[in-house]
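So the sequences go chain by chain: D and L. Numbering of the first sequence is given in full-length UniProt numbering, commencing with residue 1 and proceeding in unit increments. Numbering of the second sequence is given in full-length UniProt numbering, commencing with residue 1 and proceeding in unit increments.
Everything labelled a hint here was simulated from the structure, so no lab data went into it. Some clues are possibly wrong.
Said to hold, decoys possible - Some, not all, of what chain D presents toward chain L, calculated at C-beta under 10 Å:
| # | residue |
| --- | --- |
| 1 | 10 |
| 2 | 47 |
| 3 | 78 |
| 4 | 80 |
| 5 | 107 |
| 6 | 253 |
| 7 | 291 |
Said to hold, decoys possible - Simulated coverage check for chain L against chain D, where a stretch passes if three residues somewhere in it have a Cβ under 8 Å from a Cβ of chain D:
| # | segment |
| --- | --- |
| 8 | 146-154 |
| 9 | 213-227 |
| 10 | 275-283 |
This structure is a prediction, so every number in the text was calculated from the model and none was measured. Idealized CB from N, CA, C, for every residue including glycine.
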Amino acid sequence: MEIWRLPISASQRGKLISAGYTSLSSLSSISSSDLARELNVSESEAMNILKVASHSRGSETSNASCSIVEGAQSAWDMLHDEESLMHITTSSADLDNILGGGIHCKEVTEIGGVPGIGKTQLGIQIAVNVQIPNDFGGLGGNSIYIDTEGSFMVERAFQIAEACIEDMSEYNRFLRKDFQECKIKMQPQDILENIFYFRICSYTEQIALINYLDKFLSEHKDVKVIVVDSVTFHFRQDFDDMALRTRVLSGMALKLMNLAKRFSLAVVLLNQVTTKHTEASFQLALALGDSWSHTCTNRIVLYWNGNERYAYIDKSPSLRSA
Amino acid sequence: MARLANLETEYPVLDSTVRNFCASHGIFSVEDFLIHDLYMLAAFAEQNNSSERLKEGIAQVLSIIDDMHQPWLNGMELLEDAKRNKHVFPTGIQGIDLLLGGGIRVGQLTELVGPSSSGKTQVCLRTASNVARNHLVLYLDTGNSFSPQRIAYFLGKTINPSSAQAKNQFLQKVMSNISCHSVFDIFAMFDVLHQLESYLRCQDGRGDCQMRLLIVDSISSLISPVLGSSSTQGRALMTSAGYLLKKLAHQHNLAVLIINHTVGGEGGYSKPALGDSWKCIPHSRLFLSCDRGSNNYNVSILRHPSMASGKAARFVI
Chain D
1 MEIWRLPISA
11 SQRGKLISAG
21 YTSLSSLSSI
31 SSSDLARELN
41 VSESEAMNIL
51 KVASHSRGSE
61 TSNASCSIVE
71 GAQSAWDMLH
81 DEESLMHITT
91 SSADLDNILG
101 GGIHCKEVTE
111 IGGVPGIGKT
121 QLGIQIAVNV
131 QIPNDFGGLG
141 GNSIYIDTEG
151 SFMVERAFQI
161 AEACIEDMSE
171 YNRFLRKDFQ
181 ECKIKMQPQD
191 ILENIFYFRI
201 CSYTEQIALI
211 NYLDKFLSEH
221 KDVKVIVVDS
231 VTFHFRQDFD
241 DMALRTRVLS
251 GMALKLMNLA
261 KRFSLAVVLL
271 NQVTTKHTEA
281 SFQLALALGD
291 SWSHTCTNRI
301 VLYWNGNERY
311 AYIDKSPSLR
321 SA
Chain L
1 MARLANLETE
11 YPVLDSTVRN
21 FCASHGIFSV
31 EDFLIHDLYM
41 LAAFAEQNNS
51 SERLKEGIAQ
61 VLSIIDDMHQ
71 PWLNGMELLE
81 DAKRNKHVFP
91 TGIQGIDLLL
101 GGGIRVGQLT
111 ELVGPSSSGK
121 TQVCLRTASN
131 VARNHLVLYL
141 DTGNSFSPQR
151 IAYFLGKTIN
161 PSSAQAKNQF
171 LQKVMSNISC
181 HSVFDIFAMF
191 DVLHQLESYL
201 RCQDGRGDCQ
211 MRLLIVDSIS
221 SLISPVLGSS
231 STQGRALMTS
241 AGYLLKKLAH
251 QHNLAVLIIN
261 HTVGGEGGYS
271 KPALGDSWKC
281 IPHSRLFLSC
291 DRGSNNYNVS
301 ILRHPSMASG
311 KAARFVI
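The whole structure should be built from the sequences, with the hints applied where relevant.
Right under this line is the structure:
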């Protein structure tokens with residue numbers, strides 16, 4: 001039944017089927033006013049349905065010349081594209097090492113850890129680091145910070161921005177003795193200006209914001225990273241319907257993946273941990289369960305070992321575990 | 001299945017008398033014909049005034065229906081087809097190939113199931129790099145986890161680097177055979193599969209490099225947003241996706257490899273996602289898992305048309 005394939009609402013689909021239209025070919029030869037009369041819907045709705053149907057039929061008959069399907073890229077082209085993608089440094093040399101240079105663009109990276117290990121600090125650091133201009137090895141882009149817990153401290157961000165600029169000027173002094181102060185035009189205020197901050201208080205706001213980001217990103221093309229602090233916060237407590245939670249979360253993850261790919265930006269999600277009971281030992285695992293763990297591209301777990309912080313790569317398509 | 005009114009232009013037999021008669025019995029389309037009792041309908045037609053026209057109309061509709069089903073095949077034709085077309089593609093990973101008796105089979109839907117980070121994407125990349133030496137491969141990616149560097153690494157391991165330029169040329173030739181497309185919702189996937197179908201129909205005539213492998217990574221992230229709500233559309237989309245993939249595999253001699261996730265089951269064991277309705281759709285299912293902290297992976301057969309389930313093997317990537 002080909003009508004199932006069309007992205008139209010359930011009531012419209014029900015009306016189409018009860019009137020006898022079950023395949024796309026049956027919609028091909030009818031005009032929108034006839035359709036509106038038979039289905040008892042408005043003319044604009046009927047025109048919409050016909051437009052959707054002819055779009056999916058049109059893609060059946062067009063023959064892509066060079067690639068098998070439209071929009072596909074060959075692996076060879078992608079290899080070259082990847083070599084030109086830059087990474088966002090995390091300002092920690094060891095972490096950058098295991099990440100292969102930093103956070104990759106066009107991918108969703110999830111970072112999780114116990115409370116107090118420094119996830120929010122890392123998030124703020126990444127939001128600042130993405131603004132390092134191209135000359136210093138950064139991306140020179142803006143960032144979006146989505147805060148669900150309220151743990152973004154502006155004073156701390158100011159400190160981090162100041163330290164980052166000091167770092168840049170030191171680096172500058174080491175290497176390029178001639179291009180001096182004219183390059184460091186950035187002040188901490190500029191850095192803070194380029195962080196777009198959203199504070200959300202419920203899961204519906206979170207979903208609405210992700211939907212809105214599509215439009216926002218087409219207007220602000222400079223954004224290169226989206227940091228979501230605690231993507232799981234609103235989903236952990238009082239969610240009665242587990243199936244709804246799974247649906248909403250996987251839909252949200254797919255939209256974030258879409259944004260990452262289309263606008264070539266990096267998405268960093270910060271997550272909390274729970275204990276998982278496996279084979280008589282307790283093990284820390286990231287929150288939200290198995291179904292969520294498949295939705296991101298890379299996962300990093302931060303943990304304490306004695307007095308030091310360690311990071312462990314849990315899942316990655318191109319990096320080995322470290 | 002069209003409405004009878006629309007068919008009138010092609011088959012003038014189905015004029016308004018026939019259609020009014022059918023409408024009086026609640027038949028509006030060719031499909032409704034199949035649901036009704038045809039003997040009763042014929043009996044009513046006899047009693048009607050213009051019985052000749054009505055019988056012609058009914059016969060016409062029945063012949064339309066006859067044209068629509070697939071042709072019958074007997075056992076010898078199936079065997080011929082299997083020997084000529086349905087080869088086995090080795091995945092390039094020794095443990096899996098030994099376990100499956102050669103590799104993944106053309107014409108069948110093979111599913112890889114496993115918890116997070118158990119090597120499913122790596123197996124797919126390895127298989128893609130192996131098959132791409134001689135055939136075209138299409139990789140549908142939902143999680144941006146297609147990594148060209150890994151493919152280059154796998155290919156680099158298998159050839160002797162005679163010179164950097166020769167290696168480059170080899171890499172370019174093989175990697176141009178792999179196409180990767182990102183899909184982020186299930187309707188986009190249906191669009192892509194239908195474009196693929198029309199491409200394959202033209203391809204079957206030509207003899208050169210043909211597409212033989214389709215990988216979907218991962219199908220559960222496409223289906224989970226629609227499955228389980230109060231309407232049944234999610235399950236319908238899931239089963240029609242499964243049938244479309246199987247149809248493509250059989251008719252156009254593709255091997256289809258899909259990736260599924262696991263969810264928690266009773267007793268803390270993980271079980272494959274997407275539920276019991278999906279369980280019967282793939283031809284073979286393999287369960288992968290990884291020993292923590294080492295490079296050893298385990299694979300076991302959950303379901304296979306010609307191997308016993310429960311057999312297991314270890315492999316290293």
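Exercise for review: Between the segment 213-227 of chain L and chain D, see if three or more residues pass the 8 Å beta-carbon test, and mark the coverage as holds or violated.
Suggested key: Holds, because 8 residues of the segment 213-227 of chain L bring their Cβ atoms closer than 8 Å to Cβ atoms of chain D.
Check your understanding: Holds or violated: residue 253 of chain D as interface residue toward chain L, Cβ cutoff 10 Å?
Key -> Result: holds, 7 Å to nearest chain L Cβ.
Exercise for review: Report holds or violated for chain D covering the segment 146-154 of chain L, Cβ cut-off 8 Å, minimum 3 residues.
Suggested key: n = 7 at 8 Å, threshold three: holds.
Check your understanding: Regarding the hint that residue 47 of chain D lies at the interface with chain L, is the smallest CB-CB distance below 10 Å?
Key -> Hint on residue 47 of chain D: violated, closest Cβ of chain L at ~19 Å, above 10 Å.
Check your understanding: At a threshold of 10 Å, is the proposed contact between residue 107 of chain D and chain L supported by beta-carbon distances?
Key -> Cβ of residue 107 of chain D sits 5 Å from chain L, so the hint holds.
Review point. With a Cβ-Cβ cutoff of 8 Å, does the segment 275-283 of chain L contain at least three residues near chain D?
Key: Check failed, 0 qualifying residues.
Review point. Can we keep the residue 291 of chain D interface hint, with Cβ of chain L closer than 10 Å?
Key: holds, 6 Å
Point to revise | Supplied contact hint for residue 78 of chain D, tested at 10 Å Cβ to chain L | key: With Cβ-Cβ at 5 Å, under 10 Å, it holds.
Practice item. Report holds or violated for the interface hint on residue 10 of chain D, using the least CB-CB distance to chain L and a cut-off of 10 Å. Key: holds, 6 Å
Check your understanding: Does the nearest C-beta of chain L fall within a distance shorter than 10 Å of the C-beta of residue 80 of chain D?
Key -> With Cβ-Cβ at 8 Å, under 10 Å, it holds.
The structure fails hints 2 and 10 (numbered hints given earlier, in ascending order).
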